[in-house]
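Listed below, chain by chain, are the residues.
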Amino acid sequence: MLSSILAQVPWQSPTIDYHAIAPEIVLAGGICLIILVDLFVSESRKWITATLTGFVMLAALVPVLTLAVSDADVRTMFDGRYVVDEFALTLKALFLVAGYVVVLLSQNHVEEGDYYQGEYYTLLLTSVTGMVMMASSRDLVSIFVALEFLSIPAYMLAAWRKRDRKSNEAGVKYYLLGVFASAVMLYGMSLLYGVTGSTLLSEIGSKLTVEGQFGGVEALAITFVIIGFAFKVSAVPFHSWAPDTYEGAPTPVTAFLSVASKAAGFVALVTLIYVGFPQAKDVWQPFIWVMAAVTMTVGNLLALRQTNIVRMLAYSSISQGGFILMPLAVAGTGDAAGPALQAVIVYLLVYAAMNLGMFAVVIAASRTTRSGEISSFGGLFSYAPALGVLMTIFLASLAGIPPLGGWIAKFSAFRAVLEAGNGWAYAIAVIGAINSVVAFGYYGNIMREVWMKPAPNGETSAVRTPSSLVAALSITVAGTLLFGILPGTIMRFGDLVDLTGAFGG
Amino acid sequence: MDVLRDQNWVLSVGTFLPLVGVLVMLFIPKAEEELSKLVALVTAVATLGVGVYTLTQFDFDQADKLQFFADAEWIKVISSNYTIGLDGMSLPLYFLSMVVTVLVMVYSWNHIPSPGNPKAFLILMLILQTGMAGTFIAQDLILFFVFFEVVLLPMYFMIGVWGGEQRQYASLKFFLYTMFGSALMLVAFIALFFKVRGALPEGVEASFSIPQLAEYGGLLGRSAQIWIFGGMFVGFAVKVPMFPFHTWLPDAHTQAPTQGSVILAAILLKLGTYGFVRIAIPILPEAAKEWAPWIGLLSVIGIIYGALGCLAQTDMKRLIAFSSVAHMGFVMLGISTLTPMGFNAAIFGMVAHGLITGMLFFVAGSVKERYHTLEIARLGGMLKQMPKLGWILGFCAMASLGLPGLAGFWGEFPAILSAYSPAVGLSEEVFRTFMVIAALGTVFAAAYLLWLFQRTAFGEPKPEFAGGDHGHDHGHGHGAHGDDGHDDDLHDVNIFEWIAWTPFLIAIVVFGVYPQLMFKVIDPAVQVALKAFGG
Amino acid sequence: MLAAEATAEIHASTGWFLENAWVIPIIPAVAFVLIIFFGKKMPMKGSEFGVASMLASLVLAVGAAWQWIQRVDGVSHAAHSAVEEGAHHAAPFVGPIIREWTWWQSGGFEFGIGQHIDGLALTLLVVVAFISSLVQIYSLEYLRGDRRYTHFFAALTLFSAGMLCMVLAPNMVQLILGWEIMGLCSFMLIGHWWEEEANSRAALKAFFTVRVGDMGLLIGTGILFFSANNWTQANLGVSGFNISGLSAWAMSGDASQSALTWGAVALFVACIGKSGQFPLHTWLPDAMAGPTPVSSLLHSSTMVVAGVFLVGRLYPVFWEGMKIGDTNINFIVLIGGITIVIAALLAFVQHDIKKVLAYSTVSQLGYMMLGLGAGAWLPAIFHIFTHAFFKACLFLAAGSVSHSGSHHSFDMKKDMGGLAKKMPITATTWIISTLALAGVFPLAGFFSKDEIIDNVGHNGYTAFMIVGLSGAFLTAAYMTRATYLTFFGEARGAAAGEHHDEHDAHAAHVDHGAHDTHGAHDAHGDHGDHGPHESPKLITIPLIILAALALVAGLANATPFGSNWENFKKYVEPSSEYVMVESAVASGPGESIVVPAAEEGAKKEGCAVVAPEEGMACYFPTVSHAKFKWSKAALSLFIVAVGLVSSWLFCVQYYTRRNRRLVGLTERNTVLRGGYKLLWNKYYLDALYEKVIVRAVAYPIARAAYWFNQNVLDGIVNAAGKISRRVAGWVYRNIDQRVVDGAVNGSGAAARGTGGALRPVQSGKVNQYGALLFAAAAIGALILVIINT
Amino acid sequence: MLTAQFLLLGAVLFCIGVYGVLARKNAVMVLMSIELILNSVNLNLLAFSVRHGSVDGNTFALYIIAIAAAEVGVGLAMVLLIYRNRRTIALDDLSEMKG
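Protein chains in written order, with my numbering: chain A, 1 to 505; chain B, 1 to 535; chain C, 1 to 789; chain D, 1 to 99.
None of these hints come from the bench; they were simulated from the model. Treat the numbers as computed from the prediction; the structure is a model and nothing was measured. Just so you know, even glycine gets a beta-carbon here, dropped at the ideal spot from N, CA and C. Heads up, a few of these hints could be off.
[Said to hold, decoys possible] No more than 25 Å apart at the CA atoms, straight line, and that leaves these computed lysine-lysine pairs for DSS-like:
id	chain 1	residue 1	chain 2	residue 2
1	C	K570	B	K388
2	A	K46	A	K162
3	D	K25	C	K765
4	C	K570	C	K627
5	A	K207	A	K281
6	A	K162	D	K25
[As the list claims (entries may be wrong)] Going by beta-carbon spacing under 10 Å, a handful of chain C positions derived as facing chain A:
id	residue
7	I639
8	A751
9	V766
Next up, chain A with everything else stripped away, as it sits in the complex:
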């Protein structure tokens, strides 16, 4: 009978806009290239793979730019399952740049620790490809594929330090919970497909328009689907993997996870909410509201107690995730949809810059401290003033202090929330405000170590920072400062009408 169904559907080959998928093609080619190169270069010259990966990322950035300047602003393929619009392009660019920075971070780290370099970069590149795809996916299937595409390599990267028990543990935890979450999500998707009869988000959106008369199935389905990505963005209570994984995984990978894959999660979330179920806001708004509130609070409180800097950053990135969720919690209310989307994107961009920068500093600094303990950064300013200042900048930005990037991110989040202007909005705004103060508790604690404490065991030899790290640092710090002082530069990426259309303005 399946044949009969197939018979009903006439086969016409889809028209493919090669320009639109040029980035993905470049990346795919790059992956193959690196595998080949890795086969043929000698162990001593494996660094070439790193350089190549970097180049591939940048090369993939080229078509993104050409697409951005090209006149056709929305390109749709596979009848709407794969869309390249400004939203997608912005985030593709974000993923590629983030990936490039991660490569820079990884270079010495991977060289010095005994890792398989070629595979490492291959996996990294694969994961980035998955994200880039995620940005354009507008269909349950493609979203799912993209999700796995970016997750599976990440699982392996997390466990990349083969002989390190912590690393294994990190990988396994990440893996098991990840697949479990995506399994749950899939169940939700299946139900979604069941009630709407389509996997295409826009159609699902149109089917779910009727408000009020929801079957429990829809609610269940939406919840489960959202959980899948709540896991990716490590929103409380789906965050439990994050601290352990971040701590255990190689630091560059942690940076990658905490920035890129989190961003990917948000991209999917935004796509689902804005395109998939705009009219179902009665379901997801309260759900996300609670998640946002709990996430930023719990993240902060736990971060206060951490002694390991990476673990602390894990919790901090959790609470930052809460802030990114905050505008989504009211995205359906009033005309907050536009500002909310804008806030999320701006926040993602800024967050990528400052968090990567933070990890860069940590990596650079721990080359001398050789430890992840916060106390080991004591007196950093005295013997490595540059690193000290940079770390201060990134921390301050994370804490949201003007005129650094972080503040404009928080600002636009608050602005979006208050645009909604109902009681829930004010409530979460106040919660956010208080949390942003609490957050300084642990950011300031590190600053204090860096500036006001003496160096432990009198370690005061100047730090030598490899060029790749310097590059990474300069990119991120430039971003952080630029976004903060001239927010106009990124705010314009935010105003995207084509996604918010479903809310009817």
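Given the structure of chain A, go ahead and fit chains B, C and D onto it with the hints provided.
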């Protein structure tokens, strides 16, 4: 609103020049201390030069208008612009910030607190200067907020790195308090923006511009105004600091290095009060009337409370810090009357308090440097060992307790007067009660300051410090012979201190003798700010 | 000018001195700056600036006074010719020379600075400048070689500047300015020898007590300003700070009674503090810790008079506010009366000569207040005038004694006695001043004090007249005692040439608060060698001048000799005429004064009886003057005499018995033994009286009063200090550090605590993580399903 | 057609799988439980696709099967890694990092 736009580059230059200096200093090797001091000083002086030029170009006949007004696109999406301007209310504080920075730089020339590293110290100070100046010229809420926050980190590090024993606790406390305040303040700003945008008449484009908000803020509903005002109130009150939010101040002041305390007292506290007179009250008149009695109440509580706190202190610097609480109480009392007289008094009081308390902290710093302690009980006979320093302390004490003919009086006396007849719609009985309590406060002020002076400056030096035959030798001990160095630490005021202090002292006298200098600048602007209250 | 047809215009003369009287305080102010900056380099260590400036301002003041007299004469003469004699019952109005420049303006209010010259101001100007000059000259010698010679002169000069500035203040703000500057300088002067705890304490106490009063000044000024401002702006075009404006407002019927009353009370509190009235007088005797010239200046003519001056200056306000017009017992009278007695009694038990004078000052100030409160404005002001001379003289004489007689001690009991022979000039001047103070005819005190008592009675305050009389008695008595102890009897202690070593002297002033020991010690350490001697010229000359004035000053307003002698009445007392508003305000050179027509119903009563009609203003209430009667004068003179004599006899007997002089006396008196039996018995009776009555009455009561003073009042002051300090400590420790601060730190701790509590959730076990994840999912889904179906 | 029964079966399988994930301490067993969940999903999809008469469900199911294979591959690799390092695959031992 009509503004004067000519020469609108002046303010930007004056504000951001210090950052240029910072950039230069970044390339000076840490070892070259003299050089970095020099660069910093030159930058500060140059900035002051711009400030003086601003002063000369300022049209005093139109002090009610915003001058050097510039309005450039900044963050279009959130309709916030780079709007700056200067009027009679901000001019004194703007200029004061520049002067103070220069003098503090001079003082720092040979007073870099441990652990040294003048480069970083001075860079922070320059950044601080930019933040302070910017806050006073910003005419856009978001811009104001940015500058308002910029001052935080430098001060945090100044206290935390170069401060006293408790510095880390104090600095973190200072930071968290202010963060908390400004977070709520930001929320209030944004809420205000949306509410006003909703109330705007056709064809007016919403923006964060303060003048515009002041024009249309009155359109808001009362409850909305009250809530928004509440948010701002917390933000500014923490900075002032007003009574329940004041506990960061003594710690911060006590722990901060001298320069930090001076800047904190002279300028940073003013950001809060300035916020009230520039933003909260003109934009939200209705709410202001609702809040005024409570603000007044907190102010007088602060006056008495601060005074009691002073009486209880055993540490000179901490005493001065508490006196700030009391003095800012007078300022806030003047503001809470919502009358032009009260506002004038308040702004005058801000400047006067800046000069006087700043000066007191300078003295405290020098005392600490000489005696290595600020325990009042251990001090004494300062007039004998360093008469000049002692008399300067006495002078500042007198100025601080509001002696007519010195600057302090013109902040206190009109503030108390204005409380007798507050703005229309405020309960006279309540405010007259405040008036009496505030007057009582002046007595307390006399008490703790003179008591301080008596215990530290009068009497015989304590044996532990009485070097040589200072004890009962009546022949010496006066005038220049006071410091015939029996103890190398106990030298009288040195040249850098003289350079740094003289302008303060002169200003205290000049403004005390001829307050019109400032009032005639402030008054017109205040009239504008209060037009919602019928003058 | 727009005057009623029946009014004539008169040209009032003026002159350079009057127009530019405002320079007078400027001169010493400048001198102060000069002393501060160049004093140390000058040959005379800066004192020359001080003296010169004081003399200069004296000249100016006298010149102004002279021209004022011209002005008044001109006006009144013209007035007499214009309006026929008789119809014209009060002196014509002579506009004060008011010049005011905008000092600063705030919130639409103008604050001026300038001058308000009239008889009252000029009287004070002359007196202050004069006394200050003499005191400075005196100090040249007295403080020679002092270690803070220059500072001393600087402070002294600034002090005079403050007083002068206050005296000619045209508005309250400038008045407060001068008032506070004096407060500051008194702090510096009293604490001049601050090495000693006691001195600095005294300085602190003085400043602080006065400051308590100043609260009233601030509040009162505020009340008056805001209540009067509209009226004054509307009718006179001056601000509510303007003194003449305030007066006119108070006299016009439109002033609100409550504002007047409260304003007056508040201001009078300030006066209580400044003029050392009961119960705030306790600072005054302690203020003796300052060098003697300072005491002399502060307590004769300047500082303490300021309060009286304020009342006199704003008299209409007090008149209306306190309802002085009708003869009820008002606040001022009450305080004045109490002060007279309390202080006088205290003076009996002092050992320190300066403290006797201090208390006597307090009680004299009580007289002035009593007079003002009872509507006797003129005598009170006149008493300021006369009192200045003899009290200054007394202080300086006391200083001279300690300087050259008693080796820098002020203890009458230990270090004085019999100095009359050693220091004739000092003794003479002292005695003259004492008599003047006691109010012996025809010395200065009589004409003023007696007038006060007389008028108090005349205005219906009979009870207080009696108080005044008893005060006169006590005054005479304690001054005699002091005189006796100092100059008569036989020499004791240092007066006898004994040389204290530093330690004794120290003990002496720890006990009795005589602190001049440090003063000129280096320069005069050798006095012990040749004992007491007369003081040098620089000291004696001022004494002689002052004594001379103490003799004759009273004639300036010698009521007994008829109205031609009543110069003060003519030149100083403002007229209670209705005045055309313009003439009062504008007062450029040669403006015209309007003398209203003869017959107007209202004018018969004069101001403060009927409110002035439109366009007219009053500046002074109609005060009635007691007709002088020799009978009344005789009574008071008799009382004084009794006081002097009885006290003298008491002293003789008292100290005699101690010194076994009784024997000596009888031996010397063998010649006229018979005639003296009676005397003897009389003496016997007297001695009995004295032993029984005087000692029984005077001592316990006075002691009690003193005890009350030291323990209760002082106790209250100190206790207040202690308590507030303790309260402060408690608040600081518990409220500030625990509650307010604790809340903050607590919340921080709480946050960390919760963080800790949450950590176990992060157990590290995959299954539990999974459980958490799925549970959350299930619960979330469940809730959402429920709310959405 | 028996959609409801298929869905019920899917639901049951899902629950069993979830139970397994949460209850079993053995990594391999957990992996298998997850496979159960995925298969319950597939079952749902197929049932629905037949109900709606569209192929999307089938396609989706195919993707899931393919990717699940890859996932399990990675998973087993990791389990081996763990086993090599600690000679156990009990998940409870994987708790070095906590708090």
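Ascending list of hint numbers which this structure does not respect: 1, 7
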